[in-house]
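**Student:** Heads up: the sequence lines are chains A and B, in that order. For the record, in the first sequence the residue sitting at position 14 is 14 according to this note's numbering, with numbers rising by one throughout. For the record, in the second sequence the residue sitting at position 12 is 12 according to this note's numbering, with numbers rising by one throughout.
Just so you know, these hints were derived from the structure itself, not from any lab. Careful: at least some of the hints might be erroneous.
If we take Cβ atoms under 8 Å as the criterion, some of the chain A residues that face chain B in the derived model are [to be verified]:
(1) Leu46
(2) Gly103
(3) Gly105
The beta carbon of each residue, even a glycine, is placed where N, CA and C say it ideally should be.
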Amino acid sequence: QQQVKQSPQSLIVQKGGIPIINCAYENTAFDYFPWYQQFPGKGPALLIAIRPDVSEKKEGRFTISFNKSAKQFSLHIMDSQPGDSATYFCAASNNAGNMLTFGGGTRLMVKP
Amino acid sequence: NAGVMQNPRHLVRRRGQEARLRCSPMKGHSHVYWYRQLPEEGLKFMVYLQKENIIDESGMPKERFSAEFPKEGPSILRIQQVVRGDSAAYFCASSTLPISGPNNEQFFGPGTRLTVL
Numbered sequence: 001q002q003q004v005k006q007s008p009q010s011l012i013v014q015k016g017g018i019p020i021i022n023c024a025y026e027n028t029a030f031d032y033f034p035w036y037q038q039f040p041g042k043g044p045a046l047l048i049a050i051r052p053d054v055s056e057k058k059e060g061r062f063t064i065s066f067n068k069s070a071k072q073f074s075l076h077i078m079d080s081q082p083g084d085s086a087t088y089f090c091a092a093s094n095n096a097g098n099m100l101t102f103g104g105g106t107r108l109m110v111k112p
Numbered sequence: 001n002a003g004v005m006q007n008p009r010h011l012v013r014r015r016g017q018e019a020r021l022r023c024s025p026m027k028g029h030s031h032v033y034w035y036r037q038l039p040e041e042g043l044k045f046m047v048y049l050q051k052e053n054i055i056d057e058s059g060m061p062k063e064r065f066s067a068e069f070p071k072e073g074p075s076i077l078r079i080q081q082v083v084r085g086d087s088a089a090y091f092c093a094s095s096t097l098p099i100s101g102p103n104n105e106q107f108f109g110p111g112t113r114l115t116v117l
């Protein structure tokens, strides 16, 4: 019930491409869905987050699409750059707010 | 405003020794969360603390692991009698409110990488 499934595990795109990372959840009590970016040797940093009252949120080159009925959400990175190469994690939390449940991560490589 | 600070950044212990990991939350943050990350995996929640209180320890192993967040000083994650399977990166995060509140975010520290020989 607490699991968040993330795909793909790894992704390679050319510079300027639009990588898409998908996540699915089971727990209908989840109401907060952030995406984190992690570089090697560093802690995760929040990129963008969404709540289920909207279907899409955009911040700069990053967009979250949210499908409440399908219990799925995805991250799109527009005009990807080599500097975007990192591991991306989706996460979810319920209104108890005690913890984030993370997906398994996607290792993104953007080739020049 | 300094971010979340963790020390040490790297810790090597032999089997059976104790490991103490420290976390200083961001200034003004009174909620601390500990997560563990195994190689090539996502982060797994361990424990959630407020000052002097453990709020949720549902992710903590029942034995050898303990956590505290005293009134003064950093939060401490303590692992007694370490085993090789404890080797992982341990991340601390802090927030001003429980993350279900509006405009809230968990800020993560750089992590402590524990290696058990």
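**Student:** All the hints need checking, so say for each whether the structure fits it.
**Tutor:** Going down the list of hints, with the structure as the test:
1. Leu46: Since the shortest Cβ distance to chain B is 5 Å, the answer is holds.
2. Gly103: 6 Å, holds
3. Gly105: 5 Å, holds
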